[in-house]
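Q: Chains as they are written, first to last, in our numbering: chain L, 1 to 256; chain Z, 257 to 680.
Hints were generated in silico from the structure; no laboratory data involved.
In this text, all values refer to a predicted model and were calculated from it rather than measured experimentally.
You may find that some hints are simply not true.
Unchecked claim - Part of the chain Z face toward chain L, derived, beta carbon under 10 Å:
(1) His349
(2) Thr582
(3) Arg600
What the hints assert, rightly or not - Quick list of in silico lysine-lysine cross-link-like pairs, DSS-like style, CA-CA up to 30 Å:
(4) L/Lys134 to Z/Lys465
(5) L/Lys88 to Z/Lys503
(6) Z/Lys413 to L/Lys108
(7) L/Lys237 to Z/Lys280
(8) Z/Lys503 to Z/Lys413
All C-beta atoms, glycine included, are put in the ideal place defined by N, C-alpha and C.
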Amino acid sequence: MNCSRRDFIKNTFKTTLASALPLSAFKMLSPAEVKAYTGDSSIRWVFLVDTQKCVGCGLCVKACKHENEIPYAPPITRTWVERYVLMKNGQAHIESPYGGRDGYTDTKIRENEIPPEQIAKGFFVPKLCNQCKKPACVQVCPVGATYQTLDGVVLVDRKWCIGCGYCIMACPYGMRFFHPIHRVAEKCTFCYHRIKQGMKTACVQNCPFGARRIGNLKDPNDPVTKVIMTERVSVLKDEYGTKPQVYYIGLDTNVR
Amino acid sequence: MAVEHIVAQGAEHLVVHGLEWTSKELFTYPNEFIYWSIQIVMYPYMTGLVAGAFVLSSLYHVFGQQDLKTIARFSLVFSLALLPVAMMPLQFHLQQPLRGMNVMFTPHFTSAIAAFGIVFSTYAVIVLSEIWFVYRTFFVDQVQILKGKQGAVDRFKYYLYMLLSLGAFDLSDKAIALDKKAVKILAGIGIPVACFLHGYAGFIFGSVKANALWMSPLMPVIFIMSAVVSGIALCMLTYILIMEFKKWSAIIAKGKGDESVLVIAGAELDVITKTSRYLLGFLVAAISLELLDLIFRGYTAMKSWDILRSVMYGKDFINIFVLQYTLGNLVPFIMLLIPGVTIRRTFFALILVLFGVFMMRWNVVIGGQAFSLSFAGYMHYHMPIIPHNMETYKEGLFGALTVLATPFALLWIINKVTPALEHK
Ligand code: SF4
Ligand code: SF4
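Just chain Z, same shape as in the assembly (with noise of 0.2 Å):
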């Protein structure tokens, strides 16, 4: 009777995770859906992004690689702007989100997952207090400034960056030393937490026995060199998109051969160039690493090396090595290489970059799910597009975006309150 009652009454709302996106393919097992979707695709694509964009900045803080200075500045703010966004993927996927801060409450360390909660708050608090130690002189600057003006906004903005400065006024030459040695140790720190909170997200995966396609060492390694390949173009992309702005604010305001114009538009190609050169590094790296952990496998040929293959070559052949190695990496490569770059030309190279990246993330968590455990059928994947109820909006295109545009919006706003593209 009991069970009648459930059935009848759950029948209309019944959502089977994962049944609604997921075909089959000869056998798999009754309960093999795919459960990880695509916001554990956007889970390691923007957690990489932040941690790439925090270890550009900080190449310049630690380093002194004086080429880096003005996206310097501008990475850091981001890095703080995407940060929010690397839990919101994580939030969307679980079947209970209100219950989320309980890995806070009970975590259970022998759990990849269970730490994360510690290691985002530890980089949380990093990235906090670089950017107040960087921007702490502009901020009591901004409290003189304000301090007599009356209105409303002015007020409130004299109390909100009073309240920011932290009651630290001191502009001393010695404080303002120190305040730059903290940057430099806090970026310092900066960079291996930025390395583990991605490495880390790799280990995730890396860490699943049960996956053929996961299990591997490699992992958090190659993770981390797309993170921080990610997270380098979005930086220029961005950067990019806010000097042409300037640019063409300038040349509406001033006429097109204005000097302003010319000498925003040679500031920003320098800048592109010089960064640009690190992205190939890593990028160089990144590849490299899937390449050794693709030839390995090949090579001693386990157990699951026929139902991989058969995914690889096969069904995913495309995804793979179309979109992902050839239009995401050898196409930007060799754009990047030939000498005389433009911005344009580095503008198109940067967007296939990042859809590389991400392909990469999409081919490791919805390919690895793409086989049967069973080593005996498959399961593909359809995202949701139009959603019509909850689950499909959350694990579908629009949750996708939704994750992806929250970092602008709150650029936006951060921006608004520390200037990042201070152009002296």
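Bound-form chain L, shown alone (with noise of 0.2 Å):
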């Protein structure tokens, strides 16, 4: 056998070649390219927090644990409801124990009393994921498998997660964490499934003071339109230019 390195290399150069321009016609298609094209582009799906009318009660996060199969023990959950209490002299108290599923009842934080008489005010503002217009949980997914469909809602597709834990790092609002049994990202879905049929989410259909509404944006005659329209709403952290589209009324400047 007698080839030179010219040639040898020559050869490789053509054989690889040859192989990869068939190969180049079959294009795996991500599964951010091909659900991309669901959903209804007639529809965006926004929310509407009242942070004014939450109780505290943790139904919502009960509810969400149950219809979306998070298991119920361990403090991750795809929504959760945080307590403000601020101090006459500035402090803030701010807790969120097990996503608040289990209700504010305890006049104690993080085993600390708190003298009635010193607190400015209090309230509770229910958490969700803000389903981004500009996701950066979708933007650093090294596979694709994280990906918004047409009507806004940002998914996860289960069978290809690698796991990575990118996007966990990317949200700013830390709505995503690893599924336990399926052992991918999890997130928020807006209750795609049900949305989908014509339904409510479960939060909303559980939330029994109308703290958490659910609406189409593109639909002006919907009363989270109109509203999001025409009152004072604002979102959170707009700062890292994600564009969230979780709207909320009565915000305090104390919220995180």
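The two chains are supplied separately, each in an independent frame; assemble them into the complex guided by the hints.
A: Set out below in structure tokens:
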């Protein structure tokens, strides 16, 4: 056998090229590419939280855990309720034990008794995925396993996610976690399986005080859209530029 | 019904990733844990070593730094041994390790990790082909030597070298000159690719806008500099170890005063002193950049500074200022600068340098998760020591040690085929 290196390199190059060309005819579509065409582009799902109405009962958190099969015992959760107690001296006590799923019935915060006469104000803030318009989580997924549907909801493909956790790191709101059974990234989906069939999300359905509402921003007659358009609403952490789509009534500067 | 079923069924092997090794303080969001643990510390550390080792070898091949001649060959082979190990921590870390290949199938290019597979394999091809050109003459020589020999081992070796030579047996002057040229070109392309590979690891962190500590355009550059530092240090360290071993075998065989012992010892000190100059240069660059980053954050004092300061000057003070800057940077810096360097002093200085770079990675990766996204609470990482399931092995001390030990095992094997330290 006598082949010079030049020939060798030439042949290798030719073979590689010859095999690469037909292979490139098959392009693998990531779930993001395939599923981005699902959903209805005449809809943009948005959420409206009225913190003035929330009493911190935690029923929404419970309902979500059951509906979406998130193991009940551990603290991980798709949605949660935070309690803020702000003292007259400016100190802030914030907590959300187990996402507030058991309701806030205790006057203690992290074992500390809070003297009621020194409280300046107190309130509850429900949180859930903001289904951002520019989702940081979708941007960073290396395999396109997390994607946004045409109607604006960000989902995770449990069969394609490699479990790197980059999206968990990238979400400025701390919404994501690893599902302990499926072992892939998990997040609030606005109960996509329900809203697609015309139902409300589990949390909306279970909130006895109407603090949570879901609507379609593209429908000007939707009552949620009307509120967002005509009243003073705000969003959380807009400085990250993800353009969150969960709108709040009655936020406070202390809300994190 | 279905829910109870899942909960009950999952209860006994329910592993909430991060729950076990994270403890929380004050207010953190419910889903926040230390998701990126020891293996993500190992990942930039190992890629850094690969990149650094390669850059060191290229300084000779490209810029003709004659003083690096001996160590260049060695560090090239070492960077090959380190190569597969850069992937290992990622595999250990993935929740779905079997799906790791998905990154190659459907790379999602808006993600900083997506191109890793491509950059990494480009780099692997460069290293492999450079080694091939460097060792081709050696392969062909071996084939000639082993040609007539009988015996299973020799036959095996014969076929192995036959295969490795890829059928290019031409040893004419012209062909050898061509080899040299190819090495030079490959090493030349290799430097930017190695730097890119590692700067890219820095970008993976630096581009996470949600993380106040990570987000910085300086991150990639800082990573490259400290990578080169750690790569050079590791090559020097391993080189010292091997040379000491040779020296001692010579002493045992021939007695202490023998000429060969003196030759080895002299050559060793020479190589080490010369290489340490490059080490110092990169060390200065790395530290300046890190300090710049720190000062800038303090001066601009953005919203996140309050919590960052409490982490850096409070909770992580020992890790950052004592272990990383003082013990890992300042002390070895002085040790190497004081005139009259000895092998022993260099040896300890190098260990400190490697430790310092490791602490830097630790303080970035773990330190970046030491505070809550709410800026109102803290998290602490307790590295699992004794594993009691797969998760605590992979993301614990023993997983990290496995990753650390692999390059040396590989070097030992590779060294059998392509001797990295020919003493001519
Ligand atoms: S809130 Fe977080 S998880 Fe939800 S879409 Fe925005 S970035 Fe993604
Ligand atoms: S954990 Fe899954 S969904 Fe999240 S970035 Fe990694 S692969 Fe994508």
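Q: Hints first: check each against the structure and report whether it holds.
A: Hints and how they fare:
Because the closest C-beta pair between Z/His349 and chain L is about 7 Å apart, less than 10 Å, the hint holds. Of the supplied interface hints, the one on Z/Thr582 is violated, with its beta-carbon coming no nearer than about 29 Å to a beta-carbon of chain L, more than 10 Å. The criterion of a C-beta within 10 Å of any C-beta in chain L is not met by Z/Arg600, whose closest approach is roughly 43 Å, and the hint is violated. A hinted pair counts as satisfied when its Cα atoms are at most 30 Å apart, and L/Lys134 with Z/Lys465 qualifies at roughly 13 Å.
Simply put, L/Lys88 and Z/Lys503 have alpha-carbon atoms about 74 Å apart, too far for the 30 Å limit, and the pair is violated. Restraint check for Z/Lys413 and L/Lys108: not satisfied, since their Cα atoms lie roughly 75 Å apart, outside the 30 Å limit. Among the hinted pairs, L/Lys237 with Z/Lys280 is consistent with the structure: their alpha-carbon atoms are about 22 Å apart, no more than 30 Å. With a C-alpha separation of about 28 Å, the suggested pair Z/Lys503 and Z/Lys413 falls inside the 30 Å cut-off, and the hint holds.
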